[in-house]
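A.B. asks: From just these sequences and the hints, can you work out the full model?
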Amino acid sequence: MTVMFTRQQFDETCREFIHAHQSISSAYEARLSGWSWKEHHTLPGFGYMHRIVTLNWRHPASADTFLEIDDSLDVVDDGTTASHDSPDSLTCHQYVVLSATFRVPAFYFSIHGSSGSPLQLTDIMQTSLLREDVCEGTITTTFAVSHPAMNFPLLSQGEHPTLGTPCWYFHPCETASAVEEILKESKENSRRPLNWMEAWFVVLSTAVDMQ
Amino acid sequence: MSAYGTTRHHGQPSANSTPASTTLFRRLTWEGTVPLEIRVDSKELPANSDRGLECYYIQAPRVSYLPLLMPEIRRFLMDVVFDEAAGKMLKEEEWWFESEEGTLLKWHWPIGLIYDNHIISASIRPPSQTSTSHYNLQVTPLKLILHLASPPTEKLLLSPSAESCKQAFMGQLKEADFIRWGNTKRMTGLRKQDQDGIWEGIKEHNFDDYWRVASKVVPTTAPARSNSPPPSTNTSMHARPPSTDPQSAPDRDNAYNVRSVPVRLYLPDGPVMQDVVSPTLEDGSPHTLVHYLSTHLPLLFPPVPYSGPELAYAMMHGVLVPPDAEMAWLGACMAGADGWVSLCVGIVR
Numbered sequence: 001m002t003v004m005f006t007r008q009q010f011d012e013t014c015r016e017f018i019h020a021h022q023s024i025s026s027a028y029e030a031r032l033s034g035w036s037w038k039e040h041h042t043l044p045g046f047g048y049m050h051r052i053v054t055l056n057w058r059h060p061a062s063a064d065t066f067l068e069i070d071d072s073l074d075v076v077d078d079g080t081t082a083s084h085d086s087p088d089s090l091t092c093h094q095y096v097v098l099s100a101t102f103r104v105p106a107f108y109f110s111i112h113g114s115s116g117s118p119l120q121l122t123d124i125m126q127t128s129l130l131r132e133d134v135c136e137g138t139i140t141t142t143f144a145v146s147h148p149a150m151n152f153p154l155l156s157q158g159e160h161p162t163l164g165t166p167c168w169y170f171h172p173c174e175t176a177s178a179v180e181e182i183l184k185e186s187k188e189n190s191r192r193p194l195n196w197m198e199a200w201f202v203v204l205s206t207a208v209d210m211q
Numbered sequence: 001m002s003a004y005g006t007t008r009h010h011g012q013p014s015a016n017s018t019p020a021s022t023t024l025f026r027r028l029t030w031e032g033t034v035p036l037e038i039r040v041d042s043k044e045l046p047a048n049s050d051r052g053l054e055c056y057y058i059q060a061p062r063v064s065y066l067p068l069l070m071p072e073i074r075r076f077l078m079d080v081v082f083d084e085a086a087g088k089m090l091k092e093e094e095w096w097f098e099s100e101e102g103t104l105l106k107w108h109w110p111i112g113l114i115y116d117n118h119i120i121s122a123s124i125r126p127p128s129q130t131s132t133s134h135y136n137l138q139v140t141p142l143k144l145i146l147h148l149a150s151p152p153t154e155k156l157l158l159s160p161s162a163e164s165c166k167q168a169f170m171g172q173l174k175e176a177d178f179i180r181w182g183n184t185k186r187m188t189g190l191r192k193q194d195q196d197g198i199w200e201g202i203k204e205h206n207f208d209d210y211w212r213v214a215s216k217v218v219p220t221t222a223p224a225r226s227n228s229p230p231p232s233t234n235t236s237m238h239a240r241p242p243s244t245d246p247q248s249a250p251d252r253d254n255a256y257n258v259r260s261v262p263v264r265l266y267l268p269d270g271p272v273m274q275d276v277v278s279p280t281l282e283d284g285s286p287h288t289l290v291h292y293l294s295t296h297l298p299l300l301f302p303p304v305p306y307s308g309p310e311l312a313y314a315m316m317h318g319v320l321v322p323p324d325a326e327m328a329w330l331g332a333c334m335a336g337a338d339g340w341v342s343l344c345v346g347i348v349r
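Read top to bottom, the protein sequences are chains A and B. For what it's worth, the UniProt record's numbering labels the leading residue of the first sequence as 1, then goes sequentially. For what it's worth, the UniProt record's numbering labels the leading residue of the second sequence as 1, then goes sequentially.
Keep in mind the hints are simulated off the structure, nothing from the lab. Glycine included, every Cβ here is placed at the ideal spot set by N, Cα and C. Where hints are given, some of them may not hold.
[Unchecked claim] Below, a list of computed lysine-lysine pairs in the DSS-like style, where the Cα atoms sit at most 30 Å apart:
hint, chain 1, residue 1, chain 2, residue 2
1, B, Lys216, B, Lys166
2, B, Lys185, B, Lys43
3, B, Lys43, B, Lys106
4, A, Lys38, B, Lys185
5, A, Lys184, B, Lys185
6, B, Lys88, B, Lys155
7, A, Lys38, B, Lys155
8, B, Lys143, B, Lys166
9, B, Lys203, B, Lys88
[Unchecked claim] Listed next, with one range per pair, are the computed distances between beta-carbon atoms:
hint, chain 1, residue 1, chain 2, residue 2, range
10, A, Arg7, B, Pro126, 30 to 36 Å
11, A, Ser115, B, Arg75, 31 to 37 Å
12, B, Pro71, A, Gln120, 20 to 26 Å
13, A, Leu43, B, Lys155, 32 to 38 Å
14, B, Asp269, A, His112, 23 to 29 Å
15, B, Thr103, A, Ala30, 39 to 45 Å
16, A, Val3, B, Glu44, 46 to 52 Å
C.D. replies: As structure tokens, then:
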């Protein structure tokens, strides 16, 4: 891994990124928009990006299993944004934080059902957040999704570095090396941090539906 | 690679390439324990359990983890508190611990860290207890309430199983490896047997089993640098006096050659601080604790020259760390079993 963000570079790059993707004029733009910058209430150097996204269940049957509702309730999954009153709407908090160890951005998230309780990993796998092929060849336990060839789990639990709340995160090592591959191929030899971050979002979107 | 005729990476014991003082501090760190008093929440005791015997006392290793205590606690509860029917209902994956003040205990923190963080938080909480100690630290059993169901999943990480604990622990070792060298080759290069072995050392609390593997990964202090006596001759067949060959220590594993020392700073309330900690400063002098603290928390540790009263202190494994301690030395000799120098900051009353 060759690139390292300092805290200052990360903060500046995030702000640039948020500003560059404020418009939602295209479907592509919409996927990268909606982020806002947050800071720790007293300590500097703990800032991160945050946005809230609504998710659906990939298959309506999963909603039934999750909510244990009886068959008489009509659950329609027509693929459009679910309203907050819909029984199968899920709230996903997404975060881009700076990994203190690996010095690259890391993607953290938590998903909550309408009752507010966080989803377990097996339920998370059934939501529209993860692309179906992400978990090919992986082993899932209650606490992680791992691939035998990787040094670190692909997806595991960790505390949000600023908020301290339990989240799931993609190991930054794996995404960072994929980004390096992309940038190697890129014609622009520009190594500006913003380019890195945008390439990072591209890599992330191969695993995560960025909506 | 090593002039002692053996290398740390060929499976030979490392005692002959590690200064005695390093081994001493590693052993002291390993053997530290803290007193815990564990009580099941009285509301969760079944009607026919024996309430008079509900407290379990344990002197727990600082380097261990709460989930590793659970089998022992379970045996106690089965023998003394619960009858067979109630005992069958116990589901360890739903257990969670809370302090008397309502702080949720993190199962992924080493027990020593939980304890120190707790006594520091207690020392600054009003009303102040009468204490002869300047720091107001009460070294008493940490009273824990064990809940058997309904873990607060929005605040605590899930799955306090030994397996998830192991994965988290191995992750910490790999991160420490990465911080030191920019890659995780030393950790990932270990045979599966060794990777499992290092965790077994934690589970069984066995110093030799742990260090058999850890010595392949953790940096050592070079004998030529330190003032320690040379390795004792009765443990080594290959030792040579350090003074005959100052370059003899394998430089690539030297604590002062790391890129950065794995250090985390824990304030009483608040996020964990982690930053690059180079072993030496720009002028070539060793990076000391006082320099690290005054750079990162200048309001609590005002930079030299400062002649006012002491505002704060740093503690590690229950010990107040002297300001002139070298960060690289701490990383080699007093790191936690997870590879990290975990400093707890306390405020002087």
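A.B. asks: Hints broken by the structure, by number, lowest first?
C.D. replies: Structure breaks hints 2, 4 and 13.
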